[in-house]
Amino acid sequence: MLKISSYSIRRICLCAVPAMVLLLGAPLWVFAGPEAALLVLPVAGACFVAIRSLMKQVATARAQECFLDEQLIQSQKLAAIGELSAGIAHEINNPLAIIAQEIEWARLQFDGVTSDSPGLEEARDSLNEIAVQVERCREITHKLLDFARKRDPLIQGADLNKLIEDMAKLVEKESSQKGIPIIRDYRTDLPPIFTDPPLLRQVILNLLNNAVYAIQQNGAITIRTRIPESGQVEMVISDTGVGIRKEDLDKIFNPFFTTKPPGKGTGLGLSICHSIIVRLGGRIAVDSEPGKGTSFAVRLPIFHNAQKKD
Amino acid sequence: MSAKPRVLIVDDEERYRTTLRKLLTVREIEARDVGSAMEAFSELEKASYDVILLDVKMPEIDGIEALGRIKRDHPSVEVIILTGHASVDAAVEIMKLGGYEYLLKPCPIDELVGKIESAWERKAARDKRQKAATNPHEAS
Amino acid sequence: MASFRVLIVDDEPDFLETIVKRLLKRQVDATGAGSGEEALEVLKTQSFDVVILDVRMPGMDGIETLKEIKRKSPLTEVIMLTGHASVESGVQGMQFGAFDYVVKPADFDELMEKVSQATERKALHEARIRGTAE
Numbered sequence: 001m002l003k004i005s006s007y008s009i010r011r012i013c014l015c016a017v018p019a020m021v022l023l024l025g026a027p028l029w030v031f032a033g034p035e036a037a038l039l040v041l042p043v044a045g046a047c048f049v050a051i052r053s054l055m056k057q058v059a060t061a062r063a064q065e066c067f068l069d070e071q072l073i074q075s076q077k078l079a080a081i082g083e084l085s086a087g088i089a090h091e092i093n094n095p096l097a098i099i100a101q102e103i104e105w106a107r108l109q110f111d112g113v114t115s116d117s118p119g120l121e122e123a124r125d126s127l128n129e130i131a132v133q134v135e136r137c138r139e140i141t142h143k144l145l146d147f148a149r150k151r152d153p154l155i156q157g158a159d160l161n162k163l164i165e166d167m168a169k170l171v172e173k174e175s176s177q178k179g180i181p182i183i184r185d186y187r188t189d190l191p192p193i194f195t196d197p198p199l200l201r202q203v204i205l206n207l208l209n210n211a212v213y214a215i216q217q218n219g220a221i222t223i224r225t226r227i228p229e230s231g232q233v234e235m236v237i238s239d240t241g242v243g244i245r246k247e248d249l250d251k252i253f254n255p256f257f258t259t260k261p262p263g264k265g266t267g268l269g270l271s272i273c274h275s276i277i278v279r280l281g282g283r284i285a286v287d288s289e290p291g292k293g294t295s296f297a298v299r300l301p302i303f304h305n306a307q308k309k310d
Numbered sequence: 001m002s003a004k005p006r007v008l009i010v011d012d013e014e015r016y017r018t019t020l021r022k023l024l025t026v027r028e029i030e031a032r033d034v035g036s037a038m039e040a041f042s043e044l045e046k047a048s049y050d051v052i053l054l055d056v057k058m059p060e061i062d063g064i065e066a067l068g069r070i071k072r073d074h075p076s077v078e079v080i081i082l083t084g085h086a087s088v089d090a091a092v093e094i095m096k097l098g099g100y101e102y103l104l105k106p107c108p109i110d111e112l113v114g115k116i117e118s119a120w121e122r123k124a125a126r127d128k129r130q131k132a133a134t135n136p137h138e139a140s
Numbered sequence: 001m002a003s004f005r006v007l008i009v010d011d012e013p014d015f016l017e018t019i020v021k022r023l024l025k026r027q028v029d030a031t032g033a034g035s036g037e038e039a040l041e042v043l044k045t046q047s048f049d050v051v052i053l054d055v056r057m058p059g060m061d062g063i064e065t066l067k068e069i070k071r072k073s074p075l076t077e078v079i080m081l082t083g084h085a086s087v088e089s090g091v092q093g094m095q096f097g098a099f100d101y102v103v104k105p106a107d108f109d110e111l112m113e114k115v116s117q118a119t120e121r122k123a124l125h126e127a128r129i130r131g132t133a134e
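Here the protein sequences come in this chain order: B, D and L.
The numbers in the first sequence follow our numbering, run straight up by one, and end at 310.
The numbers in the second sequence follow our numbering, run straight up by one, and end at 140.
The numbers in the third sequence follow our numbering, run straight up by one, and end at 134.
Take the hints with a grain of salt, since some may be wrong.
As the list claims (entries may be wrong) - Far from chain L, some chain D residues (derived; all Cβ distances over 10 angstroms):
hint : residue
1    : Arg6
2    : Asp12
3    : Met58
4    : Ile64
5    : Ala91
Claimed, not checked - Derived DMTMM-like pairs (lysine to aspartate or glutamate); straight-line CA-CA distance at most 20 angstroms:
hint : chain 1 : residue 1 : chain 2 : residue 2
6    : D       : Lys115    : D       : Glu39
7    : D       : Lys123    : D       : Asp12
8    : D       : Lys57     : B       : Glu247
9    : B       : Lys169    : L       : Glu126
10   : D       : Lys128    : D       : Glu111
11   : B       : Lys162    : B       : Asp116
12   : B       : Lys251    : B       : Glu91
13   : L       : Lys70     : D       : Glu93
14   : D       : Lys123    : D       : Asp62
15   : L       : Lys104    : B       : Asp250
16   : B       : Lys169    : L       : Glu68
17   : L       : Lys67     : D       : Asp73
18   : B       : Lys292    : B       : Asp248
19   : L       : Lys44     : D       : Asp127
20   : B       : Lys162    : L       : Glu113
21   : D       : Lys4      : D       : Glu93
22   : B       : Lys260    : L       : Glu68
23   : L       : Lys104    : L       : Glu12
24   : B       : Lys169    : L       : Asp11
25   : D       : Lys115    : L       : Glu113
26   : D       : Lys57     : B       : Glu174
27   : L       : Lys122    : B       : Asp152
28   : L       : Lys122    : L       : Glu88
29   : L       : Lys104    : B       : Glu247
30   : B       : Lys260    : B       : Asp250
31   : D       : Lys96     : L       : Glu126
32   : D       : Lys57     : D       : Glu121
33   : L       : Lys44     : D       : Glu117
34   : B       : Lys260    : L       : Glu37
35   : B       : Lys246    : B       : Asp185
36   : L       : Lys21     : L       : Asp107
37   : L       : Lys25     : L       : Glu37
38   : D       : Lys115    : D       : Asp127
39   : L       : Lys70     : D       : Asp127
40   : L       : Lys122    : D       : Glu93
Derived by calculation from the structure, the hints in this document are not laboratory data.
Bear in mind the structure is a predicted one, so any value in this text is a computation, not a measurement.
Even for Gly, the Cβ is constructed at its ideal location relative to N, Cα and C.
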């Protein structure tokens, strides 16, 4: 694909304008004298500006197209991963169920046995550990199924600011104890939107929870709402936390991607958010600078397309 | 009302159903197991059961279809669905077909036993009511 | 004729009594339960549009109760009521299908508003299931 950077725009302008001056100026100098040749200069200047703005427009359009392509690929990829992982979870649940029962049965066999043999205690202990790990697997597969299950949105009218504010109040009790105030910058004339309120609350809560986690102690969370273009609303949740490394930015919506220590998070939170927002007809984007903070922007249509079908 | 609940396990996974049968038997529950919906239908013609534990994903006739047929032919039997998938829509479907409960595998044995007991109690209470309605003199 | 059937579950008897009274005054068919276990018992024989559920209760806690309610009666909407908000439990609750979270002390009018939105959602859900059943 043709890529036009601002560097190449400058290159084209730098080459084209002197070439034009030479091509037009030289014959004019010869046939009409030096005064006429001077006229070429303002014309060349105007051309320079025109070419540059045209090239810039082309570049912006290209960039937008690339962004939308990437968004589309990203959501298709996530949908595929979701389906695949639900299939795997389902398959794993069956052997897991058998293992869980065999543990139970083996425990019963041990119950009446009394022996001084240290091996018996060891065997009991390892049986208990197997049970603990089965429980861990069970939690993972159940969460995974929860992630993949398709709950078709139920569309109701809602006030986005109010929806956010309710969740902010919930988070604020905990966050203020950690020295993390929540700064609100709501656009007051936001139109009501038609969406699935509990699903959206789930997203907001997840994002706020992540923001608190990224900051840990002392910092700030900013919530902003705005109208990016007609027919849409947007909320941006920013934190002053640790930020996300450049190489991780592409992966953060993937299921199981987590930077939390083992056992602390399943890495499904953001992928759940992503799949919800896609189902609500919107999109979610991330911007981050390591050491400075992260912001998530969620854009939603005012009307959900399920309404048009009804 | 019998002293123990009689349970039929329907699951195509042999090791799962046999160990589950043994675990239930130890807990004073009379259990038998079969490997397919067809076997379950013929077993239900031969003997009476209080509670059926039904797997969803089975070859030929799956659990949802089997549930519909069981509730049609033996409406008083309580059915607990054991599934690898759980969703609101599946749950609604199961409830509409008359399922008593649906549980996600793997399900802790204590939880399962609790569900079997409450399904059994519900069936016993309903049987008693029906008996009283059809034959008021015998009811005690 | 009452418009909504609401079950309120809270382990504080005074709070429970007051809120049931206030809801009844607003023509809401309100019932109270003092624990998660009691709520599930009531749900066996009666059906409700909305359950208002305290998160922190002795015995069966709010999250466990929520899971059971959604399992037994998936269309009933549940509003979680929380005093000492724990974000972790909030995230869990929303994931298990709660309709909303309300921080105590809740403004009564706001709570009424949420109850009516939750009831609307339940009606929409029922309408959709009836629509697809045909």
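Structure-based check of each hint:
{"no.": "1", "hint": "Arg6", "verdict": "22 angstroms, holds"}
{"no.": "2", "hint": "Asp12", "verdict": "24 angstroms, holds"}
{"no.": "3", "hint": "Met58", "verdict": "22 angstroms, holds"}
{"no.": "4", "hint": "Ile64", "verdict": "14 angstroms, holds"}
{"no.": "5", "hint": "Ala91", "verdict": "5 angstroms, violated"}
{"no.": "6", "hint": "D/Lys115 with D/Glu39", "verdict": "24 angstroms, violated"}
{"no.": "7", "hint": "D/Lys123 with D/Asp12", "verdict": "26 angstroms, violated"}
{"no.": "8", "hint": "D/Lys57 with B/Glu247", "verdict": "41 angstroms, violated"}
{"no.": "9", "hint": "B/Lys169 with L/Glu126", "verdict": "31 angstroms, violated"}
{"no.": "10", "hint": "D/Lys128 with D/Glu111", "verdict": "26 angstroms, violated"}
{"no.": "11", "hint": "B/Lys162 with B/Asp116", "verdict": "66 angstroms, violated"}
{"no.": "12", "hint": "B/Lys251 with B/Glu91", "verdict": "25 angstroms, violated"}
{"no.": "13", "hint": "L/Lys70 with D/Glu93", "verdict": "14 angstroms, holds"}
{"no.": "14", "hint": "D/Lys123 with D/Asp62", "verdict": "24 angstroms, violated"}
{"no.": "15", "hint": "L/Lys104 with B/Asp250", "verdict": "39 angstroms, violated"}
{"no.": "16", "hint": "B/Lys169 with L/Glu68", "verdict": "27 angstroms, violated"}
{"no.": "17", "hint": "L/Lys67 with D/Asp73", "verdict": "32 angstroms, violated"}
{"no.": "18", "hint": "B/Lys292 with B/Asp248", "verdict": "15 angstroms, holds"}
{"no.": "19", "hint": "L/Lys44 with D/Asp127", "verdict": "17 angstroms, holds"}
{"no.": "20", "hint": "B/Lys162 with L/Glu113", "verdict": "12 angstroms, holds"}
{"no.": "21", "hint": "D/Lys4 with D/Glu93", "verdict": "30 angstroms, violated"}
{"no.": "22", "hint": "B/Lys260 with L/Glu68", "verdict": "30 angstroms, violated"}
{"no.": "23", "hint": "L/Lys104 with L/Glu12", "verdict": "13 angstroms, holds"}
{"no.": "24", "hint": "B/Lys169 with L/Asp11", "verdict": "23 angstroms, violated"}
{"no.": "25", "hint": "D/Lys115 with L/Glu113", "verdict": "36 angstroms, violated"}
{"no.": "26", "hint": "D/Lys57 with B/Glu174", "verdict": "44 angstroms, violated"}
{"no.": "27", "hint": "L/Lys122 with B/Asp152", "verdict": "14 angstroms, holds"}
{"no.": "28", "hint": "L/Lys122 with L/Glu88", "verdict": "26 angstroms, violated"}
{"no.": "29", "hint": "L/Lys104 with B/Glu247", "verdict": "42 angstroms, violated"}
{"no.": "30", "hint": "B/Lys260 with B/Asp250", "verdict": "17 angstroms, holds"}
{"no.": "31", "hint": "D/Lys96 with L/Glu126", "verdict": "12 angstroms, holds"}
{"no.": "32", "hint": "D/Lys57 with D/Glu121", "verdict": "27 angstroms, violated"}
{"no.": "33", "hint": "L/Lys44 with D/Glu117", "verdict": "15 angstroms, holds"}
{"no.": "34", "hint": "B/Lys260 with L/Glu37", "verdict": "35 angstroms, violated"}
{"no.": "35", "hint": "B/Lys246 with B/Asp185", "verdict": "28 angstroms, violated"}
{"no.": "36", "hint": "L/Lys21 with L/Asp107", "verdict": "15 angstroms, holds"}
{"no.": "37", "hint": "L/Lys25 with L/Glu37", "verdict": "27 angstroms, violated"}
{"no.": "38", "hint": "D/Lys115 with D/Asp127", "verdict": "18 angstroms, holds"}
{"no.": "39", "hint": "L/Lys70 with D/Asp127", "verdict": "27 angstroms, violated"}
{"no.": "40", "hint": "L/Lys122 with D/Glu93", "verdict": "16 angstroms, holds"}
Going through the hint list in order, the structure does not satisfy hints 5, 6, 7, 8, 9, 10, 11, 12, 14, 15, 16, 17, 21, 22, 24, 25, 26, 28, 29, 32, 34, 35, 37 and 39.
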